[in-house]
Amino acid sequence: MSPSYLASLRLAGRAATRVWLFVVLFALWWFWSSGSKSLYFPPLSQILKALWTQWVTGPARAELAASLEHLIVGYVIAAAVGIGIGALLWSARYVRVATSPYLYFLYVLPAPVLVPAAMTLFGIGFTMKVVLIAFAAVWPTLLNTLDGMHSVDQVKLDTARVLGVSPAGRVFRVVLPAAAPQIVAGLRNSLQVAIILMVVSEWEASTDGIGYYIVNAQQSFDYVGMWSGIIVLAIIGTVANLLFVGAENRVLHWHYGARAVEGTR
Amino acid sequence: MLRRYSLTYGLRLAVLAAALGLWQGLSVAGVIRSDEFPSMSQTASALSDLLTQSTLWSAVGQTLEGWGLGLVIGAAAALLVGTFIGVNGFAYRSAIGVIEFFKAIPVIAILPIGLVLWGATLTMKFALVAFAVFWPLVIQVRYGVRSLDPVVRDTTTVLQIKGARKFFMVILPSAAPFVATGLRVAAAVALVVDIITELIGGGSGIGERILLAENAGPSDYPQMYAYIVVAGVLGMVLAGAFAVAERYVLHWHESQRAAKAEGQDRGYSERQVLVIVA
Amino acid sequence: MSNEARPEVTTAAAEQDSTPVVSLRNVRKVYAGAAGPKTALQDITFDVGRGEFACVVGPSGAGKTTLLRTLAGLAQPTSGQALFEGTPLRSVPPGIGVVFQDYGRSLYPWLTVARNVDLPLRVRGVPRAERADRVAEVLGSVGLADAGRSYPWQLSGGMQQRVAIARSLAYRPDLLLMDEPFASVDAQTRFELEDLILRVRQEFGVTVVFVTHDIDEAVYLADRVIAVSKSPGVVTEIADITLPRPRDQITTKADPAFARYREHLLSLVMNR
Chain A
1 MSPSYLASLR LAGRAATRVW LFVVLFALWW FWSSGSKSLY FPPLSQILKA
51 LWTQWVTGPA RAELAASLEH LIVGYVIAAA VGIGIGALLW SARYVRVATS
101 PYLYFLYVLP APVLVPAAMT LFGIGFTMKV VLIAFAAVWP TLLNTLDGMH
151 SVDQVKLDTA RVLGVSPAGR VFRVVLPAAA PQIVAGLRNS LQVAIILMVV
201 SEWEASTDGI GYYIVNAQQS FDYVGMWSGI IVLAIIGTVA NLLFVGAENR
251 VLHWHYGARA VEGTR
Chain B
1 MLRRYSLTYG LRLAVLAAAL GLWQGLSVAG VIRSDEFPSM SQTASALSDL
51 LTQSTLWSAV GQTLEGWGLG LVIGAAAALL VGTFIGVNGF AYRSAIGVIE
101 FFKAIPVIAI LPIGLVLWGA TLTMKFALVA FAVFWPLVIQ VRYGVRSLDP
151 VVRDTTTVLQ IKGARKFFMV ILPSAAPFVA TGLRVAAAVA LVVDIITELI
201 GGGSGIGERI LLAENAGPSD YPQMYAYIVV AGVLGMVLAG AFAVAERYVL
251 HWHESQRAAK AEGQDRGYSE RQVLVIVA
Chain C
1 MSNEARPEVT TAAAEQDSTP VVSLRNVRKV YAGAAGPKTA LQDITFDVGR
51 GEFACVVGPS GAGKTTLLRT LAGLAQPTSG QALFEGTPLR SVPPGIGVVF
101 QDYGRSLYPW LTVARNVDLP LRVRGVPRAE RADRVAEVLG SVGLADAGRS
151 YPWQLSGGMQ QRVAIARSLA YRPDLLLMDE PFASVDAQTR FELEDLILRV
201 RQEFGVTVVF VTHDIDEAVY LADRVIAVSK SPGVVTEIAD ITLPRPRDQI
251 TTKADPAFAR YREHLLSLVM NR
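Chains A, B and C supply the protein sequences, listed in that same order. Each residue of the first sequence is one higher than the one before, starting from 1 at the first, in the numbering used here. Each residue of the second sequence is one higher than the one before, starting from 1 at the first, in the numbering used here. Each residue of the third sequence is one higher than the one before, starting from 1 at the first, in the numbering used here.
If we strip away everything but chain A, and leave its shape as in the complex, we get (with noise of 0.2 Å):
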């Protein structure tokens, strides 16, 4: 046996090892579920076709994009609202202590027991939706810039001053990359909260978007499309963290960098 024939095989056991546990679910779930005649248990080769005929190529794309678009808005909305206050909030120190415990407050409060009330001063349609997300991820987000701001290093403001960096310098070049990897988990935490809120403010009296579809398949007995719409929540939670997770290796890639070698040394 050759060495890269070797190598090449110890390269797919390590594959084999992540994958085998994911294969043997989903086998257990489609044999378990092929001769299924529960209602609610539906074989997964149909909700897998459902999820084709529906999602990929059928009328449930409205109700995806319409989430999607909800969530994008929202969530932008809550990251610059969130960045931009906090570091107002940094600069203006008497505001920030007269504010923080309010601002602890809405932070902690959970957040869905907003939407009885978003729907009683914004109706049921897409104002709605993109309010309560924004309004419910902005905190994370905000406390995190806050707190990253306030925790940086003395010895790298001493630097900028010596160096001659003005104030407003100092903010953009040496306060916010420092307060970067603690703004990035803030906005990853907000993210969380924003698909949760996505999908909550779809479920009551909504016309459209993934929670829609799937309270609606619920209600029509349409069990396969109702799990047909779970899965399709998953995978958006899925990719929406490898995405956030990709952007954020290619943005704070120094910050893993430094943390790796810190580790050796």
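No lab work stands behind these hints, which were simulated from the structure alone. Built from N, CA and C at the ideal position, the CB exists for glycine as well. Treat the hints with care, since some could be wrong.
Which stretches of chain B does chain A cover? Using the computed rule of at least three CB atoms under 8 Å from a CB of chain A, they are [claimed, not checked]:
(1) 22-30
(2) 86-98
A few chain B residues that don't get close to chain A, going by computed Cβ distances all over 10 Å [unchecked claim]:
(3) ARG3
(4) THR8
(5) ALA14
(6) MET40
(7) LEU47
(8) LEU50
(9) THR52
(10) THR83
(11) VAL170
(12) ARG247
(13) VAL249
(14) HIS251
Based on these hints, arrange chains B and C on the given structure of chain A.
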């Protein structure tokens, strides 16, 4: 120091008073429509009424039931499994893909399945809470178990500490700060999920009360907002309780020592107060 | 106490201008500590002349870092005067460079080495082409000509400190302040860096105030050594070091005069 304390609290009280005053002013002036949004005084009186009634407290109790049971079950499972995949590399490599996948599913997606299996019951509530809590916590537990400082590890080996004793005397305390952070985050997640099961799944608790108030129409909106305030206060109480417990149990750890020093300077420590999600 | 510039180091400008670069008069610094007010510096008085290499030595806790921050304009004295080029320090003047002990915290990990060095030039509005030349030049002076595209954390400790030195020299400051810069590197690297700073001082003609707790290092590097005591924080002695230049790690340290200086200063510092 006393001056700084009183300035801080004074400012905060002023902000609260100003905000409440503004709310009331806008309501009275008609800028806020009374059929859409109750006035501050209406909400305040609804809140004070509710505080004396058993409906509010039983709702809080029901919410805490689902929250508590789900948290305990999810955390116990996460500690077991997390430790296992922490010490066993093959188990980790096999399971991590599946764990990450389930972690990425928004729990609300599982809600319909939960309803099908258990209906709008306490079991449904805590099962979903446990499910939501388990996946991120199991990764955090593993991270903690594996976080052993190489110097501590080598010292342990030289001192001939092995096996179960090593686990309980060295690995567990070393993992404790990570587990504590994970639990703090899990507690917050558990509350959100529990509320969702009440709002959408029909479970009993604060979420249910809010829904009922909304359905009853504008005359009950003060109650609705009162319950929202209660939910927020509950969130703060739970977060605060976890932070205090953490400080007590981990008083020896440097993160707590640093936070304590900071707290002496400032009168409180933001580091302890903020839930930072890794 | 001598304020003359050392003959080997003069430039034409230095001979014309006899205003001390740094002048401290009865500087006292008290700050609010966790357990009440702490007096870091009680009464510090000394001058540093143009082109001079002055080392400040003292035991741990002698307020050396506070002193250095006061010299840089990062902190204001509670009483007394701190002058830079004859004017009182209110903030950090543009003609000062600082090399901190903890290079890991001072260098910006999100910038490459070249960008770190380039930063002070950017904020001073130096045009791009000239910036590139100056960065290359100063990196070459510290022996890191090829390291521009690396990140600081990819380099060893000694190399990182060289980057910090290069960055502080890029904009040609009149005064270079160094706060125990070689305390965090191993002994071998320390010798290399000591020789580097002497070479660089010669090349750029900069005045240096070098804070250290290492007597050997202070005597090796300095034209004058300023000994500061612990409590109270006062100047206990200012010694002229007349060892010949250029200094060498082996021959200078074998010189009996080196041992005499060392003995004298060590007994001074250790008895306080």
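In ascending order, which of the hints set out earlier in this document are inconsistent with the structure? Of the numbered hints, 1, 4 and 5 do not hold.
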